[in-house]
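Given only the sequences and the hints, what does the whole structure look like? Please build it.
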Amino acid sequence: MQELAVLAASAMATQRRFTAVADNIANANTDGYRKIDVQFKEIISRPNGHSTASYVEDRGLVVDFSGGSLRRTGNPMDVALGSEGFFAVQTEGGDIRYTRRGAFVVNSEGELTTPQGLPVLDNANAPIQIPQNSGVLAIARDGTISTREGQIAQIGVFTFSKEDQNQLLREGDGTFTATQGGANVAESPMIMQGFVESSNVNAVKEMTDMQMVSKAYQRSLTLMRGIEQIEQRAIRTLGETQ
Amino acid sequence: MMQALRIAATGMHAQQLNVDVLSNNIANLNTTGFKQSNPAFQDLVYNTIKGVGAITSAAGTIAPTGVQIGYGVGIGSVYKIMEQGTLNNTGNDLDIAVSGRGFLKITMPDGTTSYTRDGSLSVNADGDVVTKEGYSIDPAINIPTGATDITITGTGIVSAKVDNTVTELGTITLSMFVNEAGLENIGDNKYLETIASGTPADVNPGESGSGTITQGFLEASNVDAIESITRLITAQRAYELNSRVISTADEMLSTLSQIS
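Chains A and B, in that order, are what the protein sequence lines are.
Take the first sequence: its position 89, counted from the start at 1, is 89 in this note's numbering, and no numbers get skipped.
Take the second sequence: its position 8, counted from the start at 1, is 8 in this note's numbering, and no numbers get skipped.
Treat the hints as calculated values from the structure; they're not laboratory data.
Mixed in with the good hints there might be a few duds.
Sample of chain B residues with no beta-carbon within 12 Å of chain A, all distances over it, derived [stated by the list, open to error]:
no., residue
1, Lys105
2, Thr107
3, Thr145
4, Ala201
Listing some non-contacts, in silico: residues in chain B with all C-beta distances to chain A over 12 Å [as the list claims (entries may be wrong)]:
no., residue
5, Ala9
6, Met108
7, Thr148
Reference excerpt, derived from the structure (chain B facing chain A, CB under 8 Å, subset only) [to be verified]:
no., residue
8, Ala4
9, Gln42
10, Gly76
Built from N, CA and C at the ideal position, the CB exists for glycine as well.
In structure tokens, the structure reads:
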């Protein structure tokens, strides 16, 4: 029965959508998290030439790179990006990851790192060294780090073209890797010291999505049961007329 | 479906920890020299179902987006925010506050060293300058009996009037850590040096980027009540949202079990 297959495809796609909604809600309080949306596509099947069936399949997940609201923390080591772009951090393996999360610390070697210990990079992809005897750090709008003694380094901010940004691969911990195209040094970044960027998950939207997804799922399954009952009745009725 | 249940469970766990950390901050709203903790959440690794940039035809077209489902949220770290607290006047000669970076060094009863921002000092029976627990500060400073008018300068020099002459009794130094957030908390406003914090450099107050000492003041907790309460409300709502995901997943599963 093609109807059942169509409905099963719909239920499965809806289930995948629900997982994405659950992931967004779980990360509603994760600083720098970017929410995900599921895109669906239609697959047309013509099994016997004239009748057609339209199946649904989830085509892909898109990361929504719109900005989250900025939350004041007062911590001089917290920086938020008020403009487009990403901070760059380096993994143990030397790979460069991009992130919107600007909660940094200085490690025991005096390097500016994420709380997980990944070094933060400057515009030339080099780690940033903070001298031991520097007092409280001042971070300017363009990422320039300075102390009373003068300028130390500049936090790198990178942007991608729209197409390249959609190709960023999520690596967890709010980080992404570039899969195509290169990162460009941001022209006029706006860095806010003492702020962190919240998750861009909108709780109201996720809750309404969840209700919609759940209803769609239940509708598909109820229809499947209906079709099954029609079949049963058809078999019974046809059997009696013989 | 089951994945959504597990994801929502990670969300509830994370928010529970968030509430724990925030309530500890709020409880220490009036603790001298207390530094608030901050939980850092991280979205968990992704299960790539269909890779970004997968080739979708022989002509070499590529998928503009992939399918990557996450595993929810985890706790990355809980770290201290070493922001300066406000200084409150106490009028007590032996209350000192550090204005800027640096920690006071304390000799623990077992001979080990700990560090603190809490400068509520006093003098014990032997005349030693000690913390409120009675642990002496390092370098040790002794105030002779009969000394009056104890003065502590911004650069940490302690002097007092002994037999009507002003005598210098010692200097309070500050310990500077490269990574203050990496210090280990042992309670009582005290911290221990760790591999992450690095070895401290002992400097005179006001030198090498360290803060200065203010006599007669104590550093208040750096917990912002309003910020903490708003974060607590957000955490509670996020917890509720995650529990709604679980009940919705449950509803969907029960519909599934009814179709056959």
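Structure-based check of each hint:
{"no.": "1", "hint": "Lys105", "in the structure": "17 Å, holds"}
{"no.": "2", "hint": "Thr107", "in the structure": "23 Å, holds"}
{"no.": "3", "hint": "Thr145", "in the structure": "38 Å, holds"}
{"no.": "4", "hint": "Ala201", "in the structure": "6 Å, violated"}
{"no.": "5", "hint": "Ala9", "in the structure": "9 Å, violated"}
{"no.": "6", "hint": "Met108", "in the structure": "22 Å, holds"}
{"no.": "7", "hint": "Thr148", "in the structure": "34 Å, holds"}
{"no.": "8", "hint": "Ala4", "in the structure": "4 Å, holds"}
{"no.": "9", "hint": "Gln42", "in the structure": "4 Å, holds"}
{"no.": "10", "hint": "Gly76", "in the structure": "6 Å, holds"}
Consistency with the previously given hints fails for numbers 4, 5, ordered from lowest to highest.
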